[in-house]
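Visitor: Sequence:
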Amino acid sequence: MSYSDLSKHIIQKKKSHLVVGLDTDISKVPEYFRGFINPVLEFNKNVIDATKDIVAGYKMNSAFYEAAGGTGLNALLQTADYIPDNCLKIVDAKRSDISNSAEQYAKIFFDKMDFDSITINPYMGYDAAAPFLERNSRGIYVLALTSNPSASEFQKLKVGNKYLFELIIDVASKWKKGSVGFVFGANHLKEIKSFSKKYSDIPLLIPGIGFQGNDLNNLLKNLNSENFLINSSRGIIYAPGKKVSNEEFKSIIIKKVISLNNSINKF
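No gaps in the numbering here: position 48 of the sequence shown is 74 in the working numbering, and each next residue is one more.
In short, the hints are calculated from the structure, not lab data. Treat the hints with care, since some could be wrong.
Unchecked claim - With a Cα cut of at most 30 Å, we get these calculated DSSO-like pairs of lysine-lysine:
{"#": "1", "residue 1": "K281", "residue 2": "K71"}
{"#": "2", "residue 1": "K268", "residue 2": "K39"}
{"#": "3", "residue 1": "K202", "residue 2": "K224"}
{"#": "4", "residue 1": "K292", "residue 2": "K247"}
As the list claims (entries may be wrong) - Restraint-style ranges between C-beta atoms, simulated for each label pair:
{"#": "5", "residue 1": "G95", "residue 2": "I284", "range": "46 to 52 Å"}
{"#": "6", "residue 1": "N126", "residue 2": "L193", "range": "40 to 46 Å"}
{"#": "7", "residue 1": "K223", "residue 2": "N100", "range": "40 to 46 Å"}
{"#": "8", "residue 1": "K34", "residue 2": "Q130", "range": "28 to 34 Å"}
None of the values given here were measured: they were computed from a predicted structure. Glycine residues also receive a C-beta, built at the ideal position from the N, C-alpha and C atoms.
With the hints as extra help, turn the sequences into a complete structure.
Guide: Put into structure tokens, the structure is as follows:
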């Protein structure tokens, strides 16, 4: 099964387009987790236990784990292992390197940690993505038009009669059918509408709702695809605050996820 087919299958089976971003900052987790040897891992496991049956999957930004050294990398590895097989596992690592270095990243994230897909910076071209694409059933999400304030400095540079991000999509969409998706920030409504209409079957990963201030309803009105994932990180995992019990923690997160699922599915 290709990654695109896997994504569609899980979305349909779980009736959810939502991925929970496990971008865990130890300073923001409930206080009772801090008594564990690896608080981030225990926090992640509790989020997964609460949501694994009602979300499409999880996205982990590797920077939050790499910054903590060995303990953080251990939390990344063990969290990835803890996520059940009926959930997508996405590592947001934004890797890009020459082919022999990219091969090592593919070994880390796909062979060792068993992620289903990874975010890729396309600046270095196909050979930087090839090692990831050579793993059958795995996928990449190529950065197309991101949600950060300075995204347009390069991504919206005109090259002939097209923007650079449009040329990236034209080229990368042909790399390997069923294995390539794209990242669009939720603030780029016009571009999301155009992309999802033209490439309705290509996986789409959309960050930027919730704490980044973009409106979910406006986003959904501009989507013409069924193979999309919407990521929410801080809006879910920190919703309970720091002064809650374990049961309150899980209950608040479940309610938040159900509310988001309902909002997405009504469209």
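Visitor: All hints are to be evaluated individually against the structure, with a verdict given for each.
Guide: Hint check:
1. For the proposed pair K281 and K71, the alpha carbon gap of about 18 Å is at most 30 Å, so the pair holds.
2. For the given pair, K268 sits about 33 Å from K39 by alpha-carbon distance, which is inconsistent with the 30 Å threshold.
3. About 17 Å separates the Cα atoms of K202 and K224, which keeps this hinted pair within 30 Å; it holds.
4. For the hint linking K292 to K247, the alpha-carbon distance of about 11 Å falls within 30 Å, and the restraint holds.
5. Distance hint check for G95 and I284: the Cβ-Cβ separation is about 36 Å, which falls outside the suggested range of 46 to 52 Å.
6. A hinted range of 40 to 46 Å for the beta carbons of N126 and L193 is inconsistent with their spacing of about 26 Å.
7. Look at K223 against N100: about 43 Å separates their beta carbons, and that is inside 40 to 46 Å.
8. For the pair K34 and Q130, the supplied restraint of 28 to 34 Å holds, since their beta-carbon distance comes to about 30 Å.
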